[in-house]
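Construct the entire structure; sequences and hints are all you get.
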Amino acid sequence: MLITKVKELKEIEKFFNGKTYIFKCFGCKEVYFPEEEITGLINEKKDKILGVARVDYLCRKDFSKLYIEKNISYIEKADFIFVFSCGVGVQTVSKLIENKIVIPGCDTYYLNGFQGLNVLECDCQQCGECYLNYTGGICPITSCSKGLLNGACGGSKNGKCEVNSEMDCGWILIYEKLKKIGKLDVIKKYIKPRNYELYEKF
Amino acid sequence: MNYNILDYTKYRLKPKEELEELFKESGEIFIIWCKKCYKKFEEEVPECKELNDVLNNYQKKIIACLGIDFLCNSYLTKKKINELIESKIDIFGIISCGLGIQTVAKLIGNKKAIALSDTIPQSGNATSISGYHGIALEEEKCGACGQCYLEITGGICPIVECSKSLINGPCGGSKNGKCEVNPDKDCAWVKIYERLKKQKRVFSKEIKIRNYNKFTYGEKSKISFVSIENRKEGFYGGVHPLQRKEITENIPVEKFPSPEYLIVFLSQHTGLPAKPIVRIGERVKVGQKIGEIQGFISSSIHSPVSGKVISIEEKMHPSLLKMSLAIIIENDFLEEIDPSIKPFSDCENMKKEELIEIIKEKGIVGLGGAMFPTHVKLSPPKPVDTLIVNGCECEPYLNGDNRLMIEFSEEIFQGIKVVRKILDVKNVIIGIEENKPLSIENMKKVVDSSIIVKELKTKYPEGAEKILIKALLGRVVPDRGLPFDVGVVVLNVATIFSIYQAIFKGTPLFERIVTVSGENCIRPGNYLIKIGTPLKNIVDYCFTQNLELDNFKLYMGGPMMGIEQKNLDTSVIKGTTGYTLIRKSPVSFSRENECIKCGRCVDVCPMELYPLYYVFYGKREMWDECVNYNVKNCIECGCCEYICSSKIKILDFIKEAKKYANNKS
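Those sequence lines, one after another, are chains U and V.
Following the working numbering, the numbering of the first sequence begins with 1 at its first residue and continues without gaps.
Following the working numbering, the numbering of the second sequence begins with 1 at its first residue and continues without gaps.
If you're looking for bench data, these hints aren't it; they were derived computationally from the structure.
Do not take every clue at face value.
Unchecked claim - Pairs of lysine-lysine, PhoX-like flavour, derived with a Cα cap of 20 Å:
| no. | chain 1 | residue 1 | chain 2 | residue 2 |
| --- | --- | --- | --- | --- |
| 1 | U | Lys95 | V | Lys185 |
| 2 | U | Lys61 | U | Lys100 |
| 3 | U | Lys7 | V | Lys208 |
| 4 | V | Lys178 | U | Lys10 |
| 5 | U | Lys70 | V | Lys553 |
| 6 | V | Lys222 | U | Lys5 |
| 7 | V | Lys322 | V | Lys285 |
Unchecked claim - Partial list, computed: chain U residues near chain V (C-beta under 10 Å):
| no. | residue |
| --- | --- |
| 8 | Phe16 |
| 9 | Val52 |
| 10 | Val55 |
| 11 | Lys61 |
| 12 | Phe63 |
| 13 | Tyr67 |
| 14 | Glu69 |
| 15 | Thr92 |
| 16 | Asp107 |
| 17 | Thr108 |
| 18 | Tyr109 |
| 19 | Phe114 |
| 20 | Ile187 |
| 21 | Tyr190 |
If you're wondering where the values come from, they're calculated on a predicted model, not measured in any experiment.
Note that CB positions come from ideal geometry on N, CA and C, so glycine has one too.
Put into structure tokens, the structure is as follows:
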């Protein structure tokens, strides 16, 4: 799941020297979208803006193409094209308008869960070799900040992670879960090192 | 449109040796598998072939297989497997991506979950943990680094495209434009160079360092928490469209100029149309009954003005969208009032039956849009313990109910007292969304302690009967049931107000508050409009002259549930909550677009349905299957169509399926 935050003003301010055209992606509605901040910014820079397109799901190429065709007369006059969306949206627009400078107005961050269905409590990093059988259904890669596979690092204090004291230690959660289901012996099993090559294969 | 759809978030079965080891364990296994997301929605391939082949060897150990859509949706999954969790089965084999496995493992608590599948990595880049996002199934990926570099790289992401995720230029190892780590892959930095050349730019020399700590765990979990809680609020599903209520929020109700001619439809309610009891040429007075009830579910119609009946002919009905009989009245502007309009003496001591008779006689119907005759609603066949007064008005743009609660709160309270007497209930709850603080304040001021005014979080479609009951009382109306099945009657505040008017003033329902708003609206406002006022008068008065409906859509109601009006030769009916003008999207919604199975519609459906199946089976005209997927429970709130990432006209399919289901039964 991706979310966006508007970049700091000082980072993008210089681009408002020229004429700009703005794309606002309103796609992943119901997730997290800094609509108000963007509207505020647009109002502030009104005189430099040639037009604003609010687009649903900018990342869907067929649709964004239509928006661009519709507004091509403005877009051609613009020096810069601002895109307020996640990185996928920015890349889609810049691929469609290759000869214009496309500026990302937002930084993209990552939340738990894949795209589509809303933000989830659990997360998957698509390691390609599911370890959930040995950990009582709690993922050691996403719930341990070090992604350790063979038990805790030893640094956790009072059940909290040493890297981030707000985070629960994943391996303590795993231990508790296995104890609850009476499978504590599973924890003794040696798990082979993770094969990062799987990432490249696909 | 043809999409080049990539297969996305997926899983595959674990290698054979590993599976064999897993199946060695004692006990029988119940298999739950996810039907996969982010793929072309095809003719269902149940228990995929390959799966069967492998599992055949272990047939004796398998109790059964259950396929579930979007296994990671823990709310719906829980509902589906609840029985299984409570049964004796204690080992579950799960075939899904990591999210689904974790979700089920959490749900089944002390029972054992076995992961039978591995998630297929999609990132293609070892240095970024998650470069596979975006709603559409396109090649672009985003690594969510939190410090977008796309501006300096001409729109090609160095984080996911470069194997080494370098951000200050190429490593120097690429050969003939190919990556040295993976010779099948283009060197991202060569691509970036070419792209920048097209834009007559060179790469800026400023050295950048990536900050891996930009988005802290705390921030992330806070946003996740808020997002998850927001979704759960009150009821499952729902959406938050832009409200745009500020346009007419603070405009007091004003009278709309009386028109010269009125088109009063005989069908302004659910059920049989009224029977005309006036003849052409006859003179009518304000409030005179001109249409008589026909049958049990029906309602009477009254003349909103004094004047002459000049015709009884067919006109385009605004909600049925077909020709329907209407009485055309020429207004003489004398405003001569019918003698039947006079306050009832002694209305405080009237009996229940007398009150219902007045409501029936005065033509009161549900004013929230459904137009169900109120006298029928007030005689429920089952015992009722709660009255819910619906002041949610969750539709964007509309403010009629809001203004009513602000300006006529005392009258609404009197009306509630009447209904409470009729239904003989103790519990009365007024549900108002929190985006109407003035209404909440005013209603709280006037009501006594026996009535609860409840603030609800703003979420569409809070105002739908069944959803409101769920949000306020936690009661779930059964399949194809009605509110009285769970002991509730829901009435809209506008209906309550018209009940007040009928009982205390003797006024029949011949005018109502209508919000006119939207784009290109020069006189937005909340108007007290006479039923039968031609739409053309309203358009001429409120919108720019010579309105072209090529670029705009005019809705009767709000943009979510409103009915598009293509023909202006129609009029205001009792169920008209507003008129909203919305600019048409440059991207047209169509039936043909392909579903990519993103699952958003399932995520937002407040009735907990699976709208994507209506599209899939609808396209193949397999309406029976739609009925199996409970299409009859759909309240047509439009959340699925609003969120659809393929912009499919889902409601079209639903309406057709419902028509089929109704004809069948």
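Does V/Lys222 pair with U/Lys5 here, judged by a C-alpha cut-off of 20 Å?
It holds: about 14 Å lies between the C-alpha atoms, which stays within 20 Å.
Does the interface hint hold: is U/Ile187 within less than 10 Å of chain V, judged Cβ to Cβ?
With a minimum Cβ separation of about 14 Å from chain V (threshold 10 Å), the hint on U/Ile187 is violated.
Given U/Tyr109 as an interface hint, is the shortest Cβ-Cβ distance to chain V below 10 Å?
Holds, because the Cβ-Cβ distance from U/Tyr109 to chain V comes to roughly 5 Å (cut-off 10 Å).
Closer than 10 Å between Cβ atoms is the bar; does U/Val55 clear it against chain V? Give me holds or violated.
8 Å, holds
Starting from U/Lys61, check that the Cα of U/Lys100 is at most 20 Å away, please.
Holds, because 17 Å separates the two Cα atoms, which is no more than 20 Å.
Status of the U/Thr92 interface restraint (C-beta, 10 Å, chain V)
6 Å, holds
Mind checking the CB of U/Asp107 against every CB in chain V and telling me if the closest is under 10 Å?
5 Å, holds
U/Phe114 as chain V interface residue, shortest Cβ-Cβ below 10 Å:
Since chain V brings a Cβ to about 5 Å from U/Phe114, closer than 10 Å, the hint holds.
Given U/Lys61 as an interface hint, is its Cβ closer than 10 Å to any Cβ of chain V?
6 Å, holds
Residue hint U/Phe63, partner chain V, criterion CB-CB below 10 Å
For U/Phe63, the interface hint holds, since the closest Cβ of chain V sits about 5 Å away, which is under 10 Å.
Is the hint on U/Tyr190 kept, meaning its closest Cβ partner in chain V is under 10 Å away?
At about 14 Å, which exceeds the 10 Å cut-off, the nearest Cβ of chain V leaves the hint on U/Tyr190 violated.
With a cut-off of 20 Å on the C-alpha distance, tell me whether V/Lys322 and V/Lys285 pass.
Measuring from Cα to Cα gives roughly 29 Å; hence the hint is violated.
Of the numbered hints given earlier, the model fails hints 4, 7, 8, 9, 20 and 21; all others are met.
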